[in-house]
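*Asks:* These protein sequences, in sequence, are chains B and H.
Heads up: the first sequence at position 160 corresponds to 160 in our numbering, and the numbers run straight through without jumps.
Heads up: the second sequence at position 169 corresponds to 1169 in our numbering, and the numbers run straight through without jumps.
No lab work stands behind these hints, which were simulated from the structure alone.
Quick reminder that beta carbons are idealized off the backbone N, C-alpha and C, glycines included.
Keep in mind that the hints are not guaranteed to be accurate.
Calculated lysine-lysine pairs in the DSS-like style (CA-CA distance at most 30 Å, straight line) [claimed, not checked]: (1) B:K136 - B:K75; (2) B:K136 - H:K1130; (3) B:K149 - H:K1118.
Just so you have them, the derived chain B footprint on chain H, three or more residues with Cβ under 8 Å [said to hold, decoys possible]: (4) 1076–1084; (5) 1128–1142.
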Amino acid sequence: MKVFLASALLLFSAWAWAQDDFGPQGPAVKMATAPVLTAVQGKPDTISLQFRVASGYHINSNQPKSEFLIPTVLKVEATTDIVIGKTTYPEGQDMSFAFAPDEKLNVYTGDFIIDVLVRPLHSVQPGKYVVRGTLKYQACDNAACYPPKQLPVSFDVKIAKAPPAPVQNPAQSPHAH
Amino acid sequence: MKRNPLILFFIAAVVAAMLFAGIRIARNNRANGSAKGQLIGNVAPNFVLQTLDGKNLKLSDLRGKAVLLNFWATYCGPCKIEMPWFVELQKEYGPQGFQIVGVANDDASAEDIAKFAKEMGINYPILIGKDSVSDRYNVSVLPTTFFLDRDGKLIAREFGLVSRSVFVDHIKKAMSQGQAVQAQK
């Protein structure tokens, strides 16, 4: 029975592994599951979104060196009560590739993180919200390039109630005795 | 009859490996254009696309010439390596009835494509690509280059950057096959 179960597990693993399309046949970039951002009404906070470029591929950074190259850009859709602030991209690496050894391209490879400033309004109801967006990128390997793609991005924001404002004692009028 | 559990596990491992390899190979073939059999050896799908100076170019009008059909984009680094070779090859083999045609598979504006082509010193027509054309040629990576003989038949295809000598070999083969323009007129 144990051997049968082990064999079944092996077959399923092979099937599941073969389905993994990470690479330009599928997406060249994947997003790691984002942590839930717990933010307080009215207070800005930053979420770090982690992405991974498939091994053997590179994508242009947000600031590529040529006007003809397509930058990596994250677009996050604002919700009614949660404002999306500044998006901070990491610096790319200057790298040369076999197809152009004398030219340096500014690229992302492996893991990279994009920070997004999230500012819930004072009026937002406490609870869990899903924020969505897309990462536009264009990938190449050492010999070929792939058309630009848009990776769906999403993360959860848990809004907590702002602590009550401290109660101030009413100003006392001076008494003259 | 009692089965040896180790043999059973070994058989499962072999089947798992075959399953993994089979699925991956099938996916790669699909991504690389499994239509190789459908395209190569047949007459190239015809199209009409606009050149950078606004004229229409019909592929079938080039019958009688060997054609190198290169799908490229301004954002494609490897494509930039090939282009100076193509400029030289057009000069060298053009007088013998050879024509290079570039198809810009790009979201960039026609002005930007023209600027890029000028910077690269391109001496052959550049066409503004359409998805309908690249889909018919199963173009999923850039550069992708096709070679047509003088009868318009697709004789070879290359994905990604390959060496200059590979292009020369395909061009010579393409020029040696089919009816030349001179023979038709």
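*Asks:* Tell me the numbers of any earlier hints that the structure contravenes, in ascending order.
*Replies:* Violated: none.
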